[in-house]
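Chemist: Listed below, chain by chain, are the residues.
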Amino acid sequence: MGDKVGAVLVVGGGVAGIQAALDLADSGFRVYLLDESPSIGGTMAQLDKTFPTNDCAMCILAPKLVAAGRHPNIHLITHAEIEGVEGEPGNFKVKVRRKARYVDPEKCTGCGVCARECPIEAIDEYDEGLSRRSAIYVKYVQAVPRTYIIDRGKCIGCGTCKEVCRAGAIKYDDKDEVVELPVGAIILAPGFEEFNPVVKSEYGYKRYPNVVTSIEFERILSASGPYGGVVLRPSDGRIPRKIAFIQCVGSRDAQIGNEYCSAACCMYAIKEAIIAKEHVPTKLDCTIFYMDIRAYGKDFEKYYKRAMEEYGIRFVRARVASIDEDPVTRNLIVKYVDNEKPCEEEFDMIILSVGMRPPKNAEKLARAVGIELNKYGFCLTNPLSSIETTKPGVFVCGAFAGPKDIPESVAQASGAAAKAMSIIASERGKLVAVKEYPPEKDVSKEEPRIGVFICHCGINIGGYVNVPEVTEYAKTLPNVVYAEHNLYTCSEDTQKRIKEKIIEHNLNRVVVASCTPRTHEPLFRETVREAGLNEYLFEMANIRDQCSWVHMHEPKAATEKAKDLVRSAVAKARMLRPLKKPTVSVIPVALVIGGGVSGMTAAVELAKQGFEVHLVEREKDLGGNLKRIYYLLEGEDPQKYMRNLIDEVNKYPSIHVYLGAEVVEVSGFVGNFKSKILHGGGIKEIEHGVIIVATGATEYKPKEYLYGVDPRVITQRELEEKIYRGLFDAKTVAMIQCVGARNEENPNCSRICCSEAIKNALKIKEISPETEVYIFYKDVRSYGFKEEYYHEALKKGIVFINYDDARKPTVMREGERLKLIFWEPVLQHEIEIYPDLVVLSAAVVPNPDNKKVAEMLKVPLTKDGFFLEAHMKLRPVDFQTDGVFLCGLAHGPKPIDESVSQACAAAARAATILSKEVLELEGIIATVNEDLCGGCRICESVCPFGAIEMVEKDGGLVAKVIEALCKGCGTCGSACPTKAISPQHFTTEQILSQVRAILAG
Amino acid sequence: MEAGLRIICFICDWAFPEWSIETPPNVSVIQVKCIGRLDPIIILEAFARGVDGVIVVGCKWPDCHFIDGSLYGERTIRLLKKIMALTGLETERLRLEMVSPIENRSLSSIVEKFIDDIKDFGPLFKGKEADKELLFNLQAAEQAVTWSRLRMLSGRERKLTEKVNVYGERISQEEYDRLIEEALEEEYIRSKIYLITKGKPASVEEISRRIGVDSFLVLQHIVTLRRKGLLGVDRIEGYTPLYKALEVG
Amino acid sequence: MSEEDFEPVIVGFLCNWCSYAGADLAGVSRIQYPPNIRVIRVMCSGRVDPVFILEAFKSGADGVLVAGCHLPSDCHYLAGNFKALRRVILLKRVLKEFGIEPERLWLEWISASEGDKFAKVVSEMVKEIKKLGPNPLKRLGGK
Amino acid sequence: MRGYVKKFPPCRGACPAHVNVQAYVCLIQMGKFREAVEVIRRDLPFPAICGRVCFSPCEDACSRINIDQSVAIRSLKRLVADIEREQGRVAVKPVPKKYDEKVAIIGAGPAGLAAAYELAKLGYPVTVFERMPELGGMMRYCIPDYRLEKFVVKNEIDYILGLGVEVKTGVEFGKDITVDSLKRDGYKAIFIAIGAQLSAKLNIPGEDLEGVIHAVDFLRSLALGKRLNIGETVAVIGGGNTAIDAARTAKRLGAKRVMILYRRSREEMPAHPWEVEMAEKDGVKFYFLVAPKRIIGEGGRVRAVECLRMRLSEPDETGRRRPIPIPFTEHQYEVDMVIPAIGQVVEISCLPPEIIGKNGLIEADPVTLETKIPGVFAGGDAVTGPASIIEAVGAGKRAALSIHRYLRGEAIEEERIEETTWVKDWSLLEKKERRYESPVEKPHLSFEEVRAYLERVQRAARFEAFRCLGCGPCAECLAGVDLCVKDKAIVDESKCVGCNLCVEICPFGAIVKNESGVAQVNEEICKGCGTCAARCPKEAITLENISTDKILSALSNALVVRVV
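First to last, the protein sequences are chains C, F, P and H. The first sequence maps to residues 6 to 1006 in the working numbering. The second sequence maps to residues 669 to 917 in the working numbering. The third sequence maps to residues 29 to 171 in the working numbering. The fourth sequence maps to residues 9 to 572 in the working numbering.
These are calculated hints, taken from the structure and not from any lab test. Positions of the beta carbon are idealized from the N, C-alpha and C atoms, including for glycine. There could be a bad hint or two in this list.
As the list claims (entries may be wrong) - Derived coverage of chain F by chain C (criterion: at least 3 residues anywhere in the stretch with Cβ under 8 angstroms from a Cβ of chain C; other residues may be distant):
(1) 846-855
(2) 871-884
(3) 890-896
In isolation and in its complexed conformation, chain C is listed as follows (with noise of 0.2 angstroms):
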């Protein structure tokens, strides 16, 4: 066998393939993180909010861009792909295709210019269309990287752009250049392609301009979209008034080959309407015309209630048989089936929700790379472990694994991230750049000597701001030594200027005057470090977006608001002081609270990488859920999985798994907890640096239809085991959907019961084929490839039958007899028919051990009693308390196959912090002057982060803030009445500094 190598390919730079490349990078490995296109940031980067939390989804994905952008280990390879690979899992060969883009990404330093001069127009892909670009370009404004790019196919070759280009960082003789790299993973994350509904011609998109597809009107939606975030109707301009979304186009479609659902419809189709109706500011109508709602994930089913009940969308299932166009008004008329009526209704708009393909060259891809396709042309993978391929070595996550959203992207990204690690552990930190610093200057006693560089940014500054004034004024103000002014400043060569001008001049405070401190501060940060002086001793004026380029007709203005600028950050960085990056030691080991499936995965895992693992059950044996779990819908054996499973926790002696046991007591902070297990009557005491949640859920135990009244009465899990056991014979069998989930009580759905009904339903039939098979359902929400199983169910036979809240079917004895009586819709018409076996898909519902763990843990709970995230969309095995993190059902319910992904994701997560031997955290955090502070406790209640404990000082209590935990935010220091406590680095003196000095021009 080869040698390994600690080097890992990320194949597609969105949402997916970023959070793979940052955990991966964040523990130890080198990252080539691959995109076809030119910028990372994927699809995300183009929607304009998230559901369910309504997030601005650039807001939430450009920090995670920008980390992955200048992480030390990552190395961007954007606008390339796959030739093909060699070798095997650890020592993989890739041949890689860097594509021309004829510009030099070391020079180019984003500014535009190039762009704003190109005469030659395109279309803009980011816009869906909807809007032009240059035949120069960057994806879009926040892109990482922010190189521009030609567009080969559309440029003329004038010449302009590099004669504009004041950082001559145009190179038309740029060439394809073919590279090698010895990787010992590969993980697969190119996303997906939307459909395009031309195909579907009876909808008219394309020939009518008010029909457009969801990620058109996501674009609609953008303030950063064609329209500026205003909702109007493409023909016109116009708002519309009333508005209605298509369900499942190009999903669930067997016409046309996709047979699949595609799993995030729903919820972006309510999440835009949503939007919409908040956008608009007018009254709207938003009608969502669909066949199943399929609001399955963590919260969906409250978030689609309050879009009903809050937001008056209508929701209309029917499946719309055209659409067509008036042409005077250009509205648009839908026809539809509603209780087999036909109906016509008016819109002014209409929004196709397209659903997921396979990404473009997946074909290409799976060729290249040797992996597999389904039948779809999406990654084929392992049913109960979705994140490997049919290439050992080769990983996928995101939608290229099957249609899904993004929190569960995110999740399979870091599940795939820890199948990498685990490939190459004993390379960790091989490949790692590590670099070395001077020693720190102590400057403490200086006076403060401040150097100022003004940036002319080609002529994106020094075209409105007289830059040579301002760098002449900056030379008046007090503590100034030295200014000076560069046509980049952020250019290697002015990187070396700025250290020799540190030394020559000996400064000790630096202020570049250029662009946003967002993009550019670490850079000069680094720069300053490089010369021997402490990171926070440098402050940057924002004279580019906030100056010259929102003043471009008022260059005298722009000049002196510069010179405003430039005092305020010289006052700041008169003030600056050196700060500490405080640093904790991390204890390589772990803690998992659970022993199902979830919790054994993350503990192999994490064994896999050579952490010790803590593995706490609290029952008499392992497998949790699991154990009574008999069969899957894809055929797999779980039983067998779960034997394995079990063996391989065993086998690893680095895993000491308790049984029977109880974590009791939870102190410390990441990287150093301290725990109490109870174990076998006796109390142990375990050090840990991370704690992963995987305590599961529980099936509800109905009140409802009898059960427990009438033993022909069951859940679906007894059902499972009955049949299981060859106990089953009914002629006739009702199955009723959610029992104890989306109702008053539990308004969430339980995601797994409709597949687990079909799955059953199936075996019965496969069992007894004779039998009835009656399925009671509100929205059937067969997610994902599941949606087969519902097709293959109808196939067989099986008769579903909607229901509403309003009219649920009802079970009774009658006589010896068990009656069931529905409502049927299509016939208008109560039924009443005679199971054999009435089946309850029980809700899944939290672990009642669920509040105790929470408050030892001091993380939340949703309202229903899952664990609580620390963000639904991108961080979903993550509390917000830094080193704890969770999987499995302790989160939601889900499948087996995503529980796994999960944990392999929570172990992922925790291998970042593990894989340190010290954590270094943040400088800008809170410190508190204990002579100052009166304890009075308001900093405590204010810190979102649990940061400040009180601890006892001369027999007062003085407020401490827990370093690992604060995050800088500041809230404590304005509200801290003795203003005893002060976020460093944006200390109120320095802050009142800046006001004043603002103020006295």
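Given chain C's structure and the hints, the job is docking chains F, P and H onto it.
Modeler: Structure of chains F, P and H alone, referenced to chain C:
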């Protein structure tokens, strides 16, 4: 004398010796150093001010005193004719005559021929309602040729079609014409939108009615104009956003 | 000083994650707005201490803008924006006592993708504050 | 003396006398013929002479060649000079003497006269010493009448003399006067411009036979009015212009057959191709690759010339292919007269030995023309060996400048003309095949025909002048700044984005991007055509004088006038 058409004759300093410049009284001769000097704005402005015909007389290659200045001028006239066609102006009202000093032609005969050829068109402004439309169109055309896109493209026409581009390829004249015509049409409509909204805020539909362009296209152009910082939403009235041209310094 | 001549000075406290990013986006999109605002970056709108605002008015600011992430859940620090909201509401009451019109203090939610909103807010604010005239503290002579 | 400008258009740069070609061509365009002559005279006292016989390096350098053919500069010059002469020149007034230092000029050839002319204009008392009875040197004595009429020469020399130049003819240098004697006589500076008067010898048997007469002697004898018996067949030996002159003169004197024997091939002939062409038209026969071995006499008189065939070797260091005799190829041409025309040498016997160089020429600094003797300068053929009139004039001018500086105690070598011209990459221009027949280029006409023609061609001349591309900046024409509007492009740096369009389209390469990436106009080169301004995408370029706004206002003026 009967009222003749108003004619402006732009003539290159070198095309005719000064002594030989003689033209009828209704023709104003404006001498420029080279017809390469003729910014398209100048000629459009001439029409906008009510000139009925413009004849440009320059030096035939290779007699141009500025080597290829007249060739640039020739391209400008070609572009102008395309623009005129868009504005609804008879393209014949603009003529380019290339002369060589050694041909020994007389300017007056060239001009007279021109006047004769366009006399049937009559005056440009007929004193009717349509004049306003034409004037507006001309102003829009002027605006369009002020923006950098057309100037950038037309300024590089010779480089691209006669020599090679930065990739060492030559762009065929047809391909170039297609590009410039596309750009021209777009910029022309955008100019109109810009001018209308400069006056007072207008909605997509108002603009569409005013300029006879499908509102669907108008909105697309508004998107582009907004991206370029030339247009902004002024306010929303009921269901209709009104757009206003932004002052550009 | 006539209304036309009066160019107000506005101090803006923008949170790093949303509003400051939004202001940057206005720049990237070249959305023009009046040059009257001077921005001070804070990590979170929850960091904006009423003292900062009062100091700004005391130092002669004609207006103060506090901008943070949209309610309820855009805040990078979970709920700093709520804290900012409470403080600004309270402060507006206090301002009156100082003789400063509460209309000089604005609180806006501006996300990272709302460059045009930032520009619009600044433009409107300048317009409104021009109507109010210069900071009364300044008028009294003390600067 | 006016200061030298540093950059010239190609024609002026190529002219050894740096005659301001563009200026006078420009004036001719405007029909200002007299002004044109005045402009020529600033640099050259011989407009008519050079208008006839100059080998016109200006035309070789003319940019127009890159388009079709050069402007017929020489013909234009001749035309304006002739018109002036025909119409009567304004009387020349002597230049008042500004300085006391007397200057002696030895030799009244083009070099000496040009120096006298320049010095007289500066205000020096100048005396020209000449051995021959008439002034003009080779111009007077060695260029046949059909090319250069004597009255033309006289007319132009009279102009020089009219400025107040003293002349002493029949004075032989080395005999009647010497450097020392002149110094004794109070001359503070001496310019030796004695030319190359002696014929080079063939050095073959029979060279002293009757009927062998060297070309210079032949032409000079004719010029002095001697009658020569030339017989029926004449062989001229040599391939230079003098050989052609001799041959054509012989033809005109009645020789039936005139042949030119030249040891190399046609391509190597030093004579100007058009001279060769003319000679052929006159009926002169050319024999190439033949070299005389001996001249055969009969009764003391030439009967035949025996020649050897030659072949050409590889090019030698001078780049010319050396002729090598082919043995046993002797053959004879029966002739009545042999005129060797293989060059002239300087008559060194009259010179002070210290200034004689190794190669039989006077040794003088090639730029300043100083010799080893302080105060003594030398130039023209005597220094360079046989060359052209215009080169001699150039030397005379340089000598005059040196003498002036010498007498004024200034550094002699400083600030010499830099022969740089603006550079334009003509390779970008696709040269199209276009034969251009100049309406004034008719030098093969007879004297009378030409004169008659002149009348008719005045208009044509102006058109011809229009062909001038005006390579230099407009300020070149110092004659009348008011005559045309000077203009130049101006860049508004705040608007310029550096798109390079103007740089690409400027026909004159007058625009470059400076180090900060902004277009910068070189005022010396910019001609103000405005091609850039009409296209600048950012409207960052305007013209200083005729801005777009100005044209637009001209527009409204034009309309206002019409309405009234």
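Chemist: Against each hint, give a clear statement of whether it holds in the structure.
Modeler: So, going through the hints one by one against the coordinates:
1. 846-855: holds (count 3)
2. 871-884: holds (count 6)
3. 890-896: This one holds; 5 residues, not fewer than the three required, reach chain C with a Cβ under 8 angstroms.
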